Structure formats: structure tokens, C-alpha cells
Amino acid sequence: MKKTVLLLMLTLTVALAAGLLAGCGGTSETTATTAATSDTTVAPGESTTTAAEAAAADTFTYAQGADPRGLDPALVDDGESAKIIVNVYEGLLKYADDSTAVEPSLAESWEISDDGLSYTFKLRQGVKFHDGTDFNAEAVKFNIDRQLPPQVTPDMGYAGFVFGSVKDVVVDDDYTVTINLTQKNTAFLANLAMCLAAPIVSPKALTDGNNSVMEAPVGTGPYKFVKWSKGENVVLERNDDYWGEKAKTKNVIFRFISDNSARVLALNNDEVDMIDGIDATVVNQITQGGDKLFQAEGMNVNYMAYNTTTEMFKDQAARVAFSQAINREELVTSLYQGYSDMAETILPTFVPGYDATVKQVAYDVEKAKAGLAAAGITKVHMITYTNPRPYNAATGVALATAIQGYLQKVGVECTIDTFDWTTYKEKVKAGDYDICFYGWIGDNGDPDNFMNLLADPDPSMNVARWQDETYIADIKTALAIPNGAERDAKYGEMEKYVAERAIWLPISHAQSLAGYRAEVSGFIYHVTGTVFLSKAVVAK
Amino acid sequence: MLKFIIKRVLMVIPVMIGVSIIVFSLMRVFSPDPAPIVLGQHATQEAITTWRMANGLDKPVVVQYLTYLWGALQGDLGVSYFSKASVAKEIGARFPATIELAIAAIIFASIFGILLGVVAAVKKNSIFDAAGSLIALVGVSIPIFWLGILLIMFFSGFLHLLPSGGRINVLLEPARVTGFYMVDAVIAGDWAALKDALLHLVLPSLALGMYSMAIITRMTRSSMLESLGQEYVRTARAKGLREIKVVGKHALRNSLIPVTTVIGLQFGALLGGALLTESVFSWPGIGKFTVDSILKSDFPVVQGIVLLVALIFVTVNLVADLVYAYLDPRIKYASKKEG
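Line order of the protein sequences matches chains A and B.
With the numbering used here, you'll find the first sequence wraps up at 552, consecutive numbering, no jumps.
With the numbering used here, you'll find the second sequence wraps up at 360, consecutive numbering, no jumps.
Quick caveat, the hints were computed from the structure, so don't treat them as lab data.
Computed from a predicted structure; not experimentally measured.
Warning: the hint list may mix true and false statements.
With beta-carbon atoms standing in for the labels, derived distance ranges [said to hold, decoys possible]: (1) B/W91 to A/S472: 35 to 41 Å; (2) B/V84 to A/K258: 52 to 58 Å; (3) A/T71 to B/R263: 57 to 63 Å; (4) B/W91 to A/K391: 53 to 59 Å; (5) A/V183 to B/T70: 30 to 36 Å; (6) A/Y509 to B/T70: 31 to 37 Å; (7) B/T70 to A/T321: 25 to 31 Å; (8) A/T321 to B/V36: 51 to 57 Å.
Here a beta-carbon is modelled for each residue, glycine too, at the ideal position from N, C-alpha and C.
Bound-form chain A, shown alone (with noise of 0.2 Å):
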């Protein structure tokens, strides 16, 4: 007896001192190394197929923080579902793998009437969904009447952003389907390309499941729905019946890894061969673990707002002179440690609309404190948000402090209350503030949907609560031009136009991470933040 207490105490003893000093060992090999990332990188949407296919894997196995709030597409709003989503469905519309500009998918093609009231698509035939039932345009009819009123629920949460242009939907024939506007919207073909609320789900499931496909998902992808264990896993099987090229995977397995460390010790030990939801903090441990680090510019803008409504902002002089103050290239390198780029423009670099000559206020001490003397500036009240955010990893409260830094250099003193994000948000819409932060992740690529957002009558959208009467006849006018050059350089004139006027301060675009296997390849990982596992393959 006295033996095997001993025994059993000396074994625990060891157990937990040898646990204690490899927890120690591996926390300085972390912090002693610092390996260079950038030879590992590769750019979004770029091929990552190597010759190895021939001998792959039969299953993929993808880590993400959180289940999906479900996988009816017109029911959710968040990223975790939409990863899910894209694998299993498809839109009238794609985009293109490396930007946001539409391409063909359920959709062969697609005429837009001189009105540019009424799109026409011709419909890819032979498709079936997963159930065996024929997709056709019926079945296009089917799900966007059910996301126009009457049929459509407040639950929708992109349904209005969608297809709140829509009039009608009329069925020509099987495979001619007419789409009638109310308005002239140019938006309306990206729209068609989301991952939410745009992709077809069969009408059969959606009739059979009372209008909710939340935990049967049955759409005509290259991956069919297998099964979803809360909390653990969703898992995808190939679509054999798919009309365009196969999946080279057999199986993709959705796992669901909340704590970011676990996510990555996951990967390290080969136990799943794809990661998201990372930062900053534990790129080294991706590198030294063997496994590569994927990153790219992200859909999204983090800004400082000025609050044109008080005495002091409403002078742009005042806005000019405080943005001087700041050093963005400092403060963007020094925050976010690489893993952000510094925005000269609201716009994403690939989103349509972009204008690489577009520039904001300079960096300039000397005028700064020439302006806000001018303007009798020296205490400003700003409000800020204690959370990260997806366009901010170092959260607000980091970037108002720095902020609070350099106006302190030139005389300013600046007060900052911190929120949690939901009080924030009430906050924010109350108004009682000089300059608050906030940001924006794009939802359709398109370059009104981040434009858009300083025309926004609705202070909790448009935070610097500007109405700027020839700015909002400009966003009229640019969201009824077609697609093209001529729609792309009235963006380029609207960023100036705000620019010159420093309604924001645009701060950073935050990029995309994830970690990978060095044995995987082909997986494209957009630019909208959805990954497409189709063409993925784990090489053995």
C-alpha cells in the first residue's frame, strides 16, 4: 500500500514539474526567436497548387474560433458561417479569385437593359442540388421572393442590403430569369456575389425545413453538407454530381477551436492543416512550428472620425490641423506591428474604385501647431472602444492613446473615455463626443459600400455626422454609372473630395491571417475573408 501511494505521488510530482518546465521552455524559445515570415508568405487569391496532389490526403481539416450561427445564407451574418457557406452553395454570381470584380457562376451570363432597371441572366443548365432536385430559375425566384416583403423576416440581416433594390423577379423560361430594380443600383451585381443572403439554396429544403436551412444546408457547391456537431465540427464531403471541376479533397472538416493558442498548437502538431482568427502574437509560433503564414491585404478601413457637428470640427481648418498632428506610418508601424497597412484611401487597394494618387492630410508638426492655435484648440474630448476589433487588433483604446500622444507634442490635450463595444455603439449614436473611432468591414466589394457610409443619414453609420449635399449627389450619381473606368474614377474624385476635407483620418487596412501546413496548398483564401477549399489539398 505504502508503495504504490509513493508510486503514485512521485508519478504526479514528476507529470506536473515536467509539464511546468516545458511550459517554461517553450515560453522563451517563443520570445528568443524572431523568424522572418515574409518568405512565406503569398499574395491573396494566388494559386497555392503544387505537384504534390497526386499523393493527397483524403481529408482537409480547417480550425476556426467559432461554430457558424448556422448555414441558411439568408439567415446569418457572421464569418464563421460564411466560410461553411461558400464551400456548400453558390450565387447567380462569383468573384474573381483574387478581387472583388464579378464573374459568371450559376449565372452563364447577363444583360442589363438601357434603363439599367432590369438584369437578365442566362442560367448554367444541368445543375442539381445537393437533394437531386434541378436548379433552374425558379428556383432563383424562389429564394429571393423569400427575401423580399412580404415574405421576408426582420432575421434576414442582409436581405434588405441585397435585395432592397429588387421590384419583381420574373421566370422567361427555365433558364432566363429577369431581375426588376426600383432603382438605378450598379452595386446590385456585386451584391449577387456575397456570400450571404445571394447564394441559391434549394427550394425543396427550404419548403421541407419551413424556410430554414440553418442545420441542413443543401446548396449546389462543390462540397455537400455530411453533418454539424455543435460545438466540434461541421463536416463536408465532395459533391460528385458537381457541374464544374470536382474538389480535389474528398472531405473537409470545419473544426471549431475557441482559445487562439489551442488553435495554434493544433496546427504545429498536424492535428488540422488550416487556421484563421490569428494575430500578431503567434506568427513565431506558426513559423517555428514548421507551418506557413498566409497573408494579405483585408476588406475593411480603421478610421478616426471628426465630429462635424461641434463648434471645433465643423471648421475643416481644425480637422486639418489635428490630422497633422498625427504620424499615421509611425503609429500604424508601431501598433500593428506589420500586420496592417497604412490607408492613404478609404478604399481597399482592389476594390474597383481605388486611386493610388488619392492622398491624406501629411504629417506636419509645425502647421499642426499653426492651425489649432489658429483655431483656439487645446482640449478636445474623444471616446474610443476598449474591445479588438477585426479592423483594429490593438483596439481602440491603444490607438486613442497614441493619438492623445501626438496632440500632447503639439499642445493638445485629450481626454478619452473607453466602452466596451455594445455600450460604444449607443454612445456613438448619442454624439457626445469630438472624435470617436471606428472602422468598416466591406460586405459586397463594391466601392459604395465603404463611400456610401459618409453620405449615411444615420449617425450610427456615418459617425462623423457629415451631410455634405454635393458629396451625397455624387454617391447617387456614381451608384447608377455602369461598372468601368468612368464608375471608377468618380470614386477616385469622392476620396479626394473627403480627403481634402479631412472628414476622417483613415488610419489602416487590416490584413488577413492565417496559418497553414507547409503540405497544403491550392486553398484560396478571398479577399471578402471566405476561404474556398474546393482546389485545396494536404500532399501526404
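Start from chain A and add chain B according to the hints.
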């Protein structure tokens, strides 16, 4: 004894009503309005109003509560605002994982806790006592998430002996009957799945049970020291009983009464408080789900989980009391007399 049980069971009703009122009120007073969170960044004021009406949130809180209570009494806990699945289904999908982990953790904690406590008491002031106290101190002090990460790094990352997280290799998952993978694996006769599920259970139960083990060790030690000083132990020794019998039969059995209460309470706490362990080990239980639901103001889910955990707490306490009665004849006698 029967009346004692009935009395204890009846006491569950006011406790549950009290808990439901508290959680219902707290969620409504302190949680942000769920409508904007559910409807997302493009929600219009009109959509928010319609949604609130559809979910009964425009009615007075008392009416909302009574409607909820009436539904709950009929077994209807409502529907999650986010997933739109029934709350019972959402909890049912995750709760077996939490119970499985809590049972494994409490078994580990009880066996090692009692063992260490007994050794520390019997060998008081020896190196064994010091080692036991040290382990108990470490167990109480070490943060669970940190211990969890260390265990993963060592056993999974370095030795490659155990998986880093999850409940089972998804490709081995047995057909779902009870939701308890070990039971399901046995029902399916799938020994590979059973082995895999067990391997997945080792590290999380060790991390989760460490704190409870420390508490049980301390309680056992002090309780044993008290018992060993009692006259009946001296009598037993005087009768010439072997030391192992004195310790095992006389001292230990009497010492186990407070220890049983602690084990019961710890088990209840493990069921409701496995958040960090579940998070670190990606264990698909209700801990993480609860916090996510609170943050998202998913009222029906939070209410459902709190009620369930409260019910389990009350039941575990009841069982602990009954075990008490078995372990200590005086309690049984008293209750008999009362009846």
C-alpha cells in the same frame, strides 16, 4: 428517510423559481438589447421593432416572465435568437460533453485527492505531508488555462502522446445515441472510438480536476487528522487492530462525511464552471456556449442553461445529503426520529 427525501425534493421548487426570477431579471436589466446584435449592422429601426415584437420583448417583463415560466413548465425553454434551434436541442447537443468531462475530472480529483489527503494525515509532518500540501497548494493556485496549455504543450506538442483538444477524432465518431461518446462507443462496440475518446479526455480532466483535487486533499487531510485524534481510533488501536484497518475502516469512513459534501459541491461547480478548460481544449460543452450566449444577449439560451445547472446543483446536493445519511448513521437516525 422517505419523508426526508420528499421534503428535500419539494424544496427544489422554490429554489428553481427563485433562480429563474433572478436570471430572467438580470439578463433583462444588465444585458444589452439583443435585437441589434441578432439583426446585424444593416438592421433598420423598423426591423428591430418588428423583431422585438415577434419575440415578445415589447411586453412588460412580468408578462414575459410568466409566459416563459408557463412554457418552461411544459418543457418548452424557447428558441435561440441566433441559431433558431430550440434551446433544449442546443443544450442537449452540448451538455453530454460537459457531464462526461466533469465526471472524469471528479473521479480523478476524488481518487487522488483522498489518497493524498490520507497519506498526508497519516504521515503528518513527514515529507509526504509536505509533498501533499505542496501539490494541493499548486493545484489551488495554478490557473486552469495555463495548466491546460502546459499539458497540451508537453503531452501533445512535445511527446505527441495525447491529442491537443476536441472530444474525439471526427472520423471515429460513433453513432449518436446518448451523446456520451464513451457510452456510444461501447453501444456500437467500437473499441477504437472508445480508446480515442478516452485519450481525448485525459488532459482536460486532469486540468479541470486539479483544483478540485487540491480542495479534496486539504479537506481529507484535516478531516482525517481530526478523526485520528478521536477516542474511537485510540480504542480501535487498543483492541489491536492493524493500522491499515484503523485508518481505512474507522478513521477514513468518518472523515469522508465532509469530504463527500465537498466532492458534491465541486462536481456541481465543475458542471457550471468548465469554461476555461472547455475553451483551451476545444471541448464542445456548455461552458463556452454559456459565455457566448451571455455576450450575445441570447436570453432563452442563458435562462435554459442556468436553470439546468441550478437543477443539477440542487440534485447533487440532495444526493450528497443522502450519501451522508448512509455514511453517518446518526443523520439517518435523526431524520427517522423527525419523521
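Status of each hint after checking the structure:
1. B/W91 to A/S472: 35 to 41 Å: holds (37 Å)
2. B/V84 to A/K258: 52 to 58 Å: Holds - the Cβ-Cβ distance for B/V84 and A/K258, about 56 Å, lies within 52 to 58 Å.
3. A/T71 to B/R263: 57 to 63 Å: For B/R263 against A/T71, whose Cβ atoms are near 59 Å apart, the range 57 to 63 Å holds.
4. B/W91 to A/K391: 53 to 59 Å: Holds - the Cβ-Cβ distance for B/W91 and A/K391, about 56 Å, lies within 53 to 59 Å.
5. A/V183 to B/T70: 30 to 36 Å: Roughly 34 Å apart at Cβ, these two residues keep to the hinted range, so it holds.
6. A/Y509 to B/T70: 31 to 37 Å: Holds, at about 36 Å.
7. B/T70 to A/T321: 25 to 31 Å: This hint holds: roughly 26 Å between Cβ atoms.
8. A/T321 to B/V36: 51 to 57 Å: holds (53 Å)
The structure is consistent with each of the numbered hints, conforming to all of them.
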